[in-house]
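**Student:** Here are the chains, one letter per residue:
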Amino acid sequence: MTNQTNSTSSQMTPPLYPAKTKAQVTLIFFIVIGFYLFSMIWTQRQMVGGFADALGNMGVVINKFFPPNLSVIPAVWDPMAQTIQMAIIATTVAAILTVPLALLSAQNIATFKPIYIMTRTFLNILRTIPDLVLAVVFVGLFGIGLFPGIIALIIFSLGILAKLISETIESVDMNPLEAMRASGGNVFQVIYYGLVPQVLPQFASFVLYVFEINIRASVVLGLVGAGGIGLVLDQQLGFYNYPNVMAIIILIFIVVLIIEYISNKLREALI
Amino acid sequence: MATYSLPPKPKRSLFKKTKRIMIFLAIVAVYVWTFLGIDVDWARAAERAVNNFHRVIPKLFHPDWEATGEVAGKMFETITIAFAGSFMAAILAIPLGFLAAQNMSRSRLLTASGKWILSAIRAFPDIILAILFVVAVGPNAFAGVLAIAIGSTGMLGKLYSEVVESIDMRVVEAMEANGANKVQMLFYGVMPQIIPEFLSYAIYRFEIDIRASSILGIVGAGGIGTMIIFAANNRNWNEMGLILLAIIIVVTVIDSISARIRRKIV
Amino acid sequence: MIEFKDVSLVYPNGTEGLKNINVTINDGEFVVIVGLSGAGKSTFIRSVNRLVTPTSGFLLIDDEDILKYRGSDLRKLRTKIGMIFQSYNLVNRSNVLKNVIAGRLGHTGTLRSILNLYKKEDIGLAYESLQRVNIDDKIHSRADELSGGQQQRVSIARVLTQKPNYILADEPVASLDPPTSHQVMTYLKKINKEDNITTIVNLHFIDMAMEYADRIIGMRAGEVVFDGPVSEVSEKTFEEIYGRTIREDDLRGGAQES
Numbered sequence: 001m002t003n004q005t006n007s008t009s010s011q012m013t014p015p016l017y018p019a020k021t022k023a024q025v026t027l028i029f030f031i032v033i034g035f036y037l038f039s040m041i042w043t044q045r046q047m048v049g050g051f052a053d054a055l056g057n058m059g060v061v062i063n064k065f066f067p068p069n070l071s072v073i074p075a076v077w078d079p080m081a082q083t084i085q086m087a088i089i090a091t092t093v094a095a096i097l098t099v100p101l102a103l104l105s106a107q108n109i110a111t112f113k114p115i116y117i118m119t120r121t122f123l124n125i126l127r128t129i130p131d132l133v134l135a136v137v138f139v140g141l142f143g144i145g146l147f148p149g150i151i152a153l154i155i156f157s158l159g160i161l162a163k164l165i166s167e168t169i170e171s172v173d174m175n176p177l178e179a180m181r182a183s184g185g186n187v188f189q190v191i192y193y194g195l196v197p198q199v200l201p202q203f204a205s206f207v208l209y210v211f212e213i214n215i216r217a218s219v220v221l222g223l224v225g226a227g228g229i230g231l232v233l234d235q236q237l238g239f240y241n242y243p244n245v246m247a248i249i250i251l252i253f254i255v256v257l258i259i260e261y262i263s264n265k266l267r268e269a270l271i
Numbered sequence: 001m002a003t004y005s006l007p008p009k010p011k012r013s014l015f016k017k018t019k020r021i022m023i024f025l026a027i028v029a030v031y032v033w034t035f036l037g038i039d040v041d042w043a044r045a046a047e048r049a050v051n052n053f054h055r056v057i058p059k060l061f062h063p064d065w066e067a068t069g070e071v072a073g074k075m076f077e078t079i080t081i082a083f084a085g086s087f088m089a090a091i092l093a094i095p096l097g098f099l100a101a102q103n104m105s106r107s108r109l110l111t112a113s114g115k116w117i118l119s120a121i122r123a124f125p126d127i128i129l130a131i132l133f134v135v136a137v138g139p140n141a142f143a144g145v146l147a148i149a150i151g152s153t154g155m156l157g158k159l160y161s162e163v164v165e166s167i168d169m170r171v172v173e174a175m176e177a178n179g180a181n182k183v184q185m186l187f188y189g190v191m192p193q194i195i196p197e198f199l200s201y202a203i204y205r206f207e208i209d210i211r212a213s214s215i216l217g218i219v220g221a222g223g224i225g226t227m228i229i230f231a232a233n234n235r236n237w238n239e240m241g242l243i244l245l246a247i248i249i250v251v252t253v254i255d256s257i258s259a260r261i262r263r264k265i266v
Numbered sequence: 001m002i003e004f005k006d007v008s009l010v011y012p013n014g015t016e017g018l019k020n021i022n023v024t025i026n027d028g029e030f031v032v033i034v035g036l037s038g039a040g041k042s043t044f045i046r047s048v049n050r051l052v053t054p055t056s057g058f059l060l061i062d063d064e065d066i067l068k069y070r071g072s073d074l075r076k077l078r079t080k081i082g083m084i085f086q087s088y089n090l091v092n093r094s095n096v097l098k099n100v101i102a103g104r105l106g107h108t109g110t111l112r113s114i115l116n117l118y119k120k121e122d123i124g125l126a127y128e129s130l131q132r133v134n135i136d137d138k139i140h141s142r143a144d145e146l147s148g149g150q151q152q153r154v155s156i157a158r159v160l161t162q163k164p165n166y167i168l169a170d171e172p173v174a175s176l177d178p179p180t181s182h183q184v185m186t187y188l189k190k191i192n193k194e195d196n197i198t199t200i201v202n203l204h205f206i207d208m209a210m211e212y213a214d215r216i217i218g219m220r221a222g223e224v225v226f227d228g229p230v231s232e233v234s235e236k237t238f239e240e241i242y243g244r245t246i247r248e249d250d251l252r253g254g255a256q257e258s
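Those protein sequences? They're chains X, A and Z, same order as listed. According to UniProt numbering, the first sequence is numbered sequentially starting from 1. According to UniProt numbering, the second sequence is numbered sequentially starting from 1. According to UniProt numbering, the third sequence is numbered sequentially starting from 1.
For reference, chain X alone in the conformation it holds in the complex:
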């Protein structure tokens, strides 16, 4: 009997997807496309010659950058080294400051709820502010130089690192911690003996990951006066010296690739 009803309904060739889903998906699709087209028009409204003109222009412009003037590289070696040093210092300080913040924002360790909520909210707000914006503010506060750049990197990476590590802490096996508590250990001993060995490899790996982020961020901090190679880049841009700009960009590109490669290998070895 059921067979019969089935065969009659299949003669009506039911749609592959229910009509409601289909309508919803179509609507969302058109909204997304519509907003995309609007965004394209909106962002091009100040362009003099329009999109087609710009594309034609691009060929001419690319010629301006080539050939890159590689002979400037020895001269920018020092600021490049300073950029890397900024990232190293900032990552180290952030890694130290992260420890208390990550513990306080891990739900299984910070059992006192108001503290947990406060640190979480603080870190969430911290993470919304882009690195360069922080650098702008700190340059205003400390003046032009490496120092505001380092502070900006510390604050910026603290937000990311503390979140990653508190999530790792939340996923640890709590059983050994219970055993330590049962044998009379105090809070510090329980954390040091039960928790630290479990999160240490991930901690090291995340610190390296944040170091990679900091390297990328530190090369551009100079654009707003916060020291390093970006400062030289900004100067050369100001002089419209495009071959020099291209040489610096190529140097940045290579340094970032090398450091990322090393850091990746180290991280693979850790986990």
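Hints are computed from structural coordinates only; laboratory data are not their basis.
Listed next, the in silico EDC-like pairs over lysine to aspartate or glutamate satisfying Cα-Cα at most 20 angstroms (straight line):
id, chain 1, residue 1, chain 2, residue 2
1, Z, 163, X, 178
2, X, 163, A, 207
3, A, 11, Z, 136
4, Z, 236, Z, 249
Restraint-style ranges between C-beta atoms, simulated for each label pair:
id, chain 1, residue 1, chain 2, residue 2, range
5, X, 173, Z, 240, 34 to 40 angstroms
6, A, 109, X, 238, 40 to 46 angstroms
7, A, 42, X, 64, 38 to 44 angstroms
8, Z, 140, X, 144, 52 to 58 angstroms
9, A, 12, X, 238, 55 to 61 angstroms
10, A, 32, X, 122, 32 to 38 angstroms
The C-beta atom is built at its ideal place from N, Cα and C for all residues, glycine as well.
With chain X fixed as given, assemble chains A and Z onto it according to the hints.
**Tutor:** Same frame as chain X, but now just chains A and Z:
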């Protein structure tokens, strides 16, 4: 109580010992290089901080509400830059993602070249791309769109290729056995498996792009960044306060909406 | 001596873990608590070292009411009571010696323990404890390289290093196979007899309870429904405790193999 026997010392091979020492020395060397090389004028920075503190920090917490209209307009432009850029990247990354996925082609050369292109793009910070595009198409928001589009393609392409590599190839095999051709296999076997993840990653990248596009104006590529650099040059910290507030609100709202959508999709 | 006087425990969600428990456990006894899962065995045992806190009544250990303890009093109490867990609760990534020395945490200052500056006696004690459970050859292995039975022996060594007056064992053999289960129980029994340490073990295997216990306490739905020496226990007693007939999976078997 005096009688106790101590456990034997752990036996470590010479190789392990030297490896430990080498790693330790390498770390020490990096830090020595860093602290000897870095040239920070601590005294001057501290002096400046003391002098400037009351001129900067309190003002940040008293936003200049009169600039609300302008800030809202530029913030909207930032959103359109991020949206157009991530949309373009979401499309551009599809062929690159397939190219870099190991299970989609038998040629190792093709896969390797795909992976190389993607990691090369990722090595460029967004703002460097913006510098290039500002020179190419002029100082306007569209340069920002292009910078975001290219910059996001690197990361999305990599994430896409990982999704493609993780699909269940048995489904595709079954279709091949049914006599389906390559295009049919792609649309009926591969696509249904990857679309939710692709969408979810694209939306996630939009979150990142909102942050990224808010600073592009610093090099002239449109959006709220334009106002940031003006406010900093004019030491208009009240306006900076409002800009910061706008960024925090917009980023938070978009993050939470996008997180909700992503949870629904996957 | 451990005395439960009208002890009850209600969890925040309203579940009654313990209902008016009145039990006295004398020094040197080997007590096995039996009951189905959810009967309150675990809550009973965890009340003794205050991993859970009863909501009413008095719980006296060596004539002091431990329910009032807080902070350092509580930690001092816990150093006297060793605990063994079903899932061993070792730190997987640390080596055996480090896991065992953790038993001395309560006796060691915070700074000393964080800098790994243990007294020679403590390290000697840890080694000796490992020898007593015959696992001293694994001293530098990582805990997750060991089998379940070996891990449980390490956790016994950790408890021994604590030099406790009481040992609590919460389902110590539930994750082990029959021969290793008997091995672990034999060690617990040996330590109980040699060091005269009062031992309370949760088990749900009837045959093991009969083989190792001096005294059996039966629990059902948070209440003590039987309390007496092993000689008074029969299959009928277990049927009363469990509220049903005895089944195959209530027995561990394999007794002759050890």
